[in-house]
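Residue numbers (UniProt numbering), protein chains in the order written: chain B, 1 to 581; chain Z, 1 to 581.
Source of the hints: derived by calculation from the structure; they are not laboratory data.
Please read all numbers here as calculations on a predicted model, not as lab measurements.
Mixed in with the good hints, there may be bad ones.
Since the list can't tell identical chains apart, any single copy or any two copies may satisfy a pair.
Result set (BS3-like, lysine-lysine): computed pairs, CA atoms no more than 30 Å apart in a straight line [unchecked claim]:
no. : residue 1 : residue 2
1   : 100       : 24
2   : 2         : 24
3   : 405       : 315
4   : 254       : 347
5   : 574       : 545
6   : 348       : 254
7   : 97        : 24
8   : 12        : 123
9   : 2         : 548
10  : 24        : 123
11  : 348       : 262
12  : 123       : 2
13  : 397       : 320
14  : 171       : 123
15  : 12        : 165
16  : 165       : 2
17  : 440       : 12
18  : 440       : 171
Number of protein chains: 2
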Amino acid sequence: MKASRFFIGTLKEAPADAEIVSHKLMVRAGMIRRVAGGIYNYLPIGLRSIRKVEQIVREEMNRAGAIELLMPAVQPAELWQESGRWEQYGPELLRFKDRKQSDFVMGPTHEEVVTDIARNQIKSYRQLPVNFYQVQTKFRDEIRPRFGVMRGREFIMKDAYSFDKDVDGLKLSYQKMYDAYVRIFTRLGLDFRAVVADNGSIGGSGSHEFHVIAETGEDDIAYCPSSEFAANVEATDALPLIATRGAASEALTKTSTPGAAKCEAVAELLGIPLERTIKSIVLATDNEGAEPTEPTIWLLMLRGDHSLNEIKVGKLEGLKGFRFATEAEIVEWFGTPPGYLGPLNTKKPVKVVADSTVANMSDFVVGSNEVDFHTTGVNWGRDLPEPVVADIRNVQKGDPSPDGKGVLDICRGIEVGHVFQLGTKYSEAMSATYLAENGKPAPMQMGCYGIGITRILGAAIEQNFDDKGIIWPESIAPFQVVVCPMGLDRSELVREHAERVYNELVAAGVDVILDDRGERPGVMFADWELIGVPHRLVIGDRGLKDGKIEYQGRRDTEATLLPAEEAAQTVAQKIAAALAV
Amino acid sequence: MKASRFFIGTLKEAPADAEIVSHKLMVRAGMIRRVAGGIYNYLPIGLRSIRKVEQIVREEMNRAGAIELLMPAVQPAELWQESGRWEQYGPELLRFKDRKQSDFVMGPTHEEVVTDIARNQIKSYRQLPVNFYQVQTKFRDEIRPRFGVMRGREFIMKDAYSFDKDVDGLKLSYQKMYDAYVRIFTRLGLDFRAVVADNGSIGGSGSHEFHVIAETGEDDIAYCPSSEFAANVEATDALPLIATRGAASEALTKTSTPGAAKCEAVAELLGIPLERTIKSIVLATDNEGAEPTEPTIWLLMLRGDHSLNEIKVGKLEGLKGFRFATEAEIVEWFGTPPGYLGPLNTKKPVKVVADSTVANMSDFVVGSNEVDFHTTGVNWGRDLPEPVVADIRNVQKGDPSPDGKGVLDICRGIEVGHVFQLGTKYSEAMSATYLAENGKPAPMQMGCYGIGITRILGAAIEQNFDDKGIIWPESIAPFQVVVCPMGLDRSELVREHAERVYNELVAAGVDVILDDRGERPGVMFADWELIGVPHRLVIGDRGLKDGKIEYQGRRDTEATLLPAEEAAQTVAQKIAAALAV
Numbered sequence: 001m002k003a004s005r006f007f008i009g010t011l012k013e014a015p016a017d018a019e020i021v022s023h024k025l026m027v028r029a030g031m032i033r034r035v036a037g038g039i040y041n042y043l044p045i046g047l048r049s050i051r052k053v054e055q056i057v058r059e060e061m062n063r064a065g066a067i068e069l070l071m072p073a074v075q076p077a078e079l080w081q082e083s084g085r086w087e088q089y090g091p092e093l094l095r096f097k098d099r100k101q102s103d104f105v106m107g108p109t110h111e112e113v114v115t116d117i118a119r120n121q122i123k124s125y126r127q128l129p130v131n132f133y134q135v136q137t138k139f140r141d142e143i144r145p146r147f148g149v150m151r152g153r154e155f156i157m158k159d160a161y162s163f164d165k166d167v168d169g170l171k172l173s174y175q176k177m178y179d180a181y182v183r184i185f186t187r188l189g190l191d192f193r194a195v196v197a198d199n200g201s202i203g204g205s206g207s208h209e210f211h212v213i214a215e216t217g218e219d220d221i222a223y224c225p226s227s228e229f230a231a232n233v234e235a236t237d238a239l240p241l242i243a244t245r246g247a248a249s250e251a252l253t254k255t256s257t258p259g260a261a262k263c264e265a266v267a268e269l270l271g272i273p274l275e276r277t278i279k280s281i282v283l284a285t286d287n288e289g290a291e292p293t294e295p296t297i298w299l300l301m302l303r304g305d306h307s308l309n310e311i312k313v314g315k316l317e318g319l320k321g322f323r324f325a326t327e328a329e330i331v332e333w334f335g336t337p338p339g340y341l342g343p344l345n346t347k348k349p350v351k352v353v354a355d356s357t358v359a360n361m362s363d364f365v366v367g368s369n370e371v372d373f374h375t376t377g378v379n380w381g382r383d384l385p386e387p388v389v390a391d392i393r394n395v396q397k398g399d400p401s402p403d404g405k406g407v408l409d410i411c412r413g414i415e416v417g418h419v420f421q422l423g424t425k426y427s428e429a430m431s432a433t434y435l436a437e438n439g440k441p442a443p444m445q446m447g448c449y450g451i452g453i454t455r456i457l458g459a460a461i462e463q464n465f466d467d468k469g470i471i472w473p474e475s476i477a478p479f480q481v482v483v484c485p486m487g488l489d490r491s492e493l494v495r496e497h498a499e500r501v502y503n504e505l506v507a508a509g510v511d512v513i514l515d516d517r518g519e520r521p522g523v524m525f526a527d528w529e530l531i532g533v534p535h536r537l538v539i540g541d542r543g544l545k546d547g548k549i550e551y552q553g554r555r556d557t558e559a560t561l562l563p564a565e566e567a568a569q570t571v572a573q574k575i576a577a578a579l580a581v
Numbered sequence: 001m002k003a004s005r006f007f008i009g010t011l012k013e014a015p016a017d018a019e020i021v022s023h024k025l026m027v028r029a030g031m032i033r034r035v036a037g038g039i040y041n042y043l044p045i046g047l048r049s050i051r052k053v054e055q056i057v058r059e060e061m062n063r064a065g066a067i068e069l070l071m072p073a074v075q076p077a078e079l080w081q082e083s084g085r086w087e088q089y090g091p092e093l094l095r096f097k098d099r100k101q102s103d104f105v106m107g108p109t110h111e112e113v114v115t116d117i118a119r120n121q122i123k124s125y126r127q128l129p130v131n132f133y134q135v136q137t138k139f140r141d142e143i144r145p146r147f148g149v150m151r152g153r154e155f156i157m158k159d160a161y162s163f164d165k166d167v168d169g170l171k172l173s174y175q176k177m178y179d180a181y182v183r184i185f186t187r188l189g190l191d192f193r194a195v196v197a198d199n200g201s202i203g204g205s206g207s208h209e210f211h212v213i214a215e216t217g218e219d220d221i222a223y224c225p226s227s228e229f230a231a232n233v234e235a236t237d238a239l240p241l242i243a244t245r246g247a248a249s250e251a252l253t254k255t256s257t258p259g260a261a262k263c264e265a266v267a268e269l270l271g272i273p274l275e276r277t278i279k280s281i282v283l284a285t286d287n288e289g290a291e292p293t294e295p296t297i298w299l300l301m302l303r304g305d306h307s308l309n310e311i312k313v314g315k316l317e318g319l320k321g322f323r324f325a326t327e328a329e330i331v332e333w334f335g336t337p338p339g340y341l342g343p344l345n346t347k348k349p350v351k352v353v354a355d356s357t358v359a360n361m362s363d364f365v366v367g368s369n370e371v372d373f374h375t376t377g378v379n380w381g382r383d384l385p386e387p388v389v390a391d392i393r394n395v396q397k398g399d400p401s402p403d404g405k406g407v408l409d410i411c412r413g414i415e416v417g418h419v420f421q422l423g424t425k426y427s428e429a430m431s432a433t434y435l436a437e438n439g440k441p442a443p444m445q446m447g448c449y450g451i452g453i454t455r456i457l458g459a460a461i462e463q464n465f466d467d468k469g470i471i472w473p474e475s476i477a478p479f480q481v482v483v484c485p486m487g488l489d490r491s492e493l494v495r496e497h498a499e500r501v502y503n504e505l506v507a508a509g510v511d512v513i514l515d516d517r518g519e520r521p522g523v524m525f526a527d528w529e530l531i532g533v534p535h536r537l538v539i540g541d542r543g544l545k546d547g548k549i550e551y552q553g554r555r556d557t558e559a560t561l562l563p564a565e566e567a568a569q570t571v572a573q574k575i576a577a578a579l580a581v
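So that you can see chain B by itself, here it is in the shape it has in the complex (with noise of 0.2 Å):
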């Protein structure tokens, strides 16, 4: 590609409404353009990008065996309602009639439309298992778009559906698009993981998702660096930290914390560690029935330093639905506000939940039910009776990694992909069954797999940028290599080399634009920084008289010099080196 052919839209600034570095540089090299809240254009430096991991995904896909189809944006009311989601699903489905005033749907997933093949066309066992797949633009109405194309509103995804006769067959058929997906964010370039999901609103049991491991990704996720584990911190299981509860040796007392309100103002005052303190979190459930009854009060107790994890203290019996005590709940059960509560001496008795860690810890402090005043030397048994003991909190760095094969950590992730088991979720509300070797009808049990395709483009951003602008990985750069003549217009010399490096790097299957715009070096160096292409050809006479042609690496700090007849080939081959995976 030349650039005189080629539209360029770089800007100096970015808009005021991109609040993360991908939103900002995506508008500023000229990616995409706002056309409505969440809604874009993407320009033809983006839609190259996209184009390239659209084709990647492709590619594994079919490796894997799925077969590409295509189903409509505009879908009708009734497979919603037959799978139960026109009612369910919030107002994200953006809902809407046609000119009969018949009700349609913008199609945020295609879970229905696909079922719906899958009953007309699949009618024995001999058809499966079949993986449909398609790369469609979607619309989800986001109450609040944002982020750019990391959370838009019209947005292109690739969504492939498995259908099985059994569950192995549905594990076999997981297990090829986890390893697919494996393979497409490292053919991306990305550093990813893959994590074990709670599963969201989709329903099915077993689910991982696939991360892009960046600082600004708004998923924590626990990963042991010394195996394979990798998980949602939500959905992570918390070991207890103290094996065994150690015997009770200081005495109870009730000591004076003025203004010590927080675990961590506790531990400064006493001079104790944090980890001897312990946080209650009260919790409430509403009791159903005829006549209006008092809720069940709960006190969860974490050790001062933990989170609770609100996801896991749903799971637990009578916990499902649970809101948060409202203050005076709390004055009327505690008989004081929020920040000195305890389970000593409550005034009306209270469901107590204890974090396995808490359950194992000896003379530790907690609040005393009166202002300004905490109780230390609490022990299980002698002060207090045994608790009700659970997993209540979140992971955090350093907790043993639940596979027992080392520690955690922590790190940051953006979601780009998704794979899940849906089991018979949709196939039995939507009568998807099929005549199994026994001769009765049977229901598929499906699989979802989601990549965002234009989501990646932002998560890839939010990776690798530094403050010139974009860092492509070599897979989905919009031009994976720049020629920048020094002086086109005035030096035969250039022209001539500048033809033939761009001529040969074609030739070698390399995607390179030479920039023939006459800018001056300043603005074109500028553009394909911000642009992130990650290789540069600088080709001037100063160079030339010595045979040399100028390389520089986006990432790298310098430029080095080429002998000018071995430019195109080395660069080339960087890239393929690179590719190669």
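Based on the hints, put chain Z in the right spot on chain B.
The following block gives chain Z in isolation, referenced to the frame of chain B:
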């Protein structure tokens, strides 16, 4: 591709709602499946052909210097309000509200969005010309979606938009697109014609439609086999068929023509050629004003074998917005109901317009304004005042070509492409200006250029089918060759040769499918003939014992035997020859 890893969903019967052959065959071949009215799933076989059309379109658009980008399906109402089309566009424009009650549309076309891009991105004449295109999914809320992909609601289009400094630039950009379209449809292997079009609601001046020629086409095209002339019948000038009016030779005679209310019946009854009779058509125009007044009644006179061209009539002075007269009006003005109308002795004055052929007729026959009577020997000047003369008829086969280079023929076509000179319609409405060389802002001159990607599939089938199914051109066939092994499970020899031939074809870059499903020959052949694969190789023990493989082209009535070792090469050469344009 091996059929066992692919999805083939052929059907014996077409669905009841399929009216035309392409719709029936696309469903039966497993290319499309209905999701809702005018909304389809593109199954794997259908998607393959779509992608091939897209690829050819992209290559030729890129070759012509157009730059690909991607605009959203969902567009904010504001842009359509700016252009004025929010009000002007009919209910085909699907309007809806998002969760925040903001107005949006599902884009049926992208003039507004691309003009918004241009006004934001293009500041100077130095950035012009530029031509942006996309391949994108559109939605048009047709009141009566039907004919499968021919008149769907959700469909894939390539739309391009050129921006130029001035009209000369626009004409150049237009010509480049015209030439690109000729290359595209030639490469697609379709019999097509570029025709001069009457402009539709999109506005501007200067446009051509590209039609695929097919008997089932919905548009009538007039063309001159001995010249380049081609135009929609509606837009073709009808030259007078009589150069000079002959002298009157008959006396004006009222003649009994009982029951002969049509010209054909009159001609037969009187034993004269149809070309001597006159068809009288009564139109009305309503006069505006504060007081309701009588309409103006018009009598349009056509030769008995000619048909009225309403578009031409609507452009005549005084006839803009005409309507057909009511029967009551006809009785009031002519003294008789329709059937025996004529210009002589009307009860109230009417405005007479004679077609340019009628104006040169002599001794002709008109209705007498009395049931069961006609008047023969009618002559202008002698019996009637000289009329207003205009071209008000459709051309027909045998008419002189407007370019003076021969005689017209008529064929039917399916519109698959359209090139338009928009001028400044959108750039003025939306203030898309650039700074010209003289330092002053000027509106950009725009052109727009569409190709119906999914529609092309239907049109190609309407042009290429037989009673067995589709007959694809090599360029867009879902597969170019099918290899059908006979008894794959029984014969190691067949298996070896099938694999060898398959691998040789793959190596030659041929898009081949090996039917390894283990179906009976009859089922295999019927499937691939229905799907329309243009080349078939049948590999069986019987042929192999003589060193032969059976070849049959999809249009061949019989198979021929090829030397087994040369079969792949021979077919690859046939395909290469077919694709060479």
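Do the hints match the structure? See the list:
{"no.": "1", "hint": "100 x 24", "result": "between (42 Å within a copy, 25 Å between copies)"}
{"no.": "2", "hint": "2 x 24", "result": "within (26 Å within a copy, 46 Å between copies)"}
{"no.": "3", "hint": "405 x 315", "result": "within (26 Å within a copy, 85 Å between copies)"}
{"no.": "4", "hint": "254 x 347", "result": "within (17 Å within a copy, 117 Å between copies)"}
{"no.": "5", "hint": "574 x 545", "result": "within (25 Å within a copy, 52 Å between copies)"}
{"no.": "6", "hint": "348 x 254", "result": "within (20 Å within a copy, 115 Å between copies)"}
{"no.": "7", "hint": "97 x 24", "result": "between (36 Å within a copy, 28 Å between copies)"}
{"no.": "8", "hint": "12 x 123", "result": "between (59 Å within a copy, 15 Å between copies)"}
{"no.": "9", "hint": "2 x 548", "result": "within (22 Å within a copy, 51 Å between copies)"}
{"no.": "10", "hint": "24 x 123", "result": "between (50 Å within a copy, 22 Å between copies)"}
{"no.": "11", "hint": "348 x 262", "result": "within (23 Å within a copy, 101 Å between copies)"}
{"no.": "12", "hint": "123 x 2", "result": "between (53 Å within a copy, 21 Å between copies)"}
{"no.": "13", "hint": "397 x 320", "result": "within (28 Å within a copy, 80 Å between copies)"}
{"no.": "14", "hint": "171 x 123", "result": "within (21 Å within a copy, 56 Å between copies)"}
{"no.": "15", "hint": "12 x 165", "result": "between (56 Å within a copy, 26 Å between copies)"}
{"no.": "16", "hint": "165 x 2", "result": "between (52 Å within a copy, 22 Å between copies)"}
{"no.": "17", "hint": "440 x 12", "result": "between (66 Å within a copy, 25 Å between copies)"}
{"no.": "18", "hint": "440 x 171", "result": "within (22 Å within a copy, 67 Å between copies)"}
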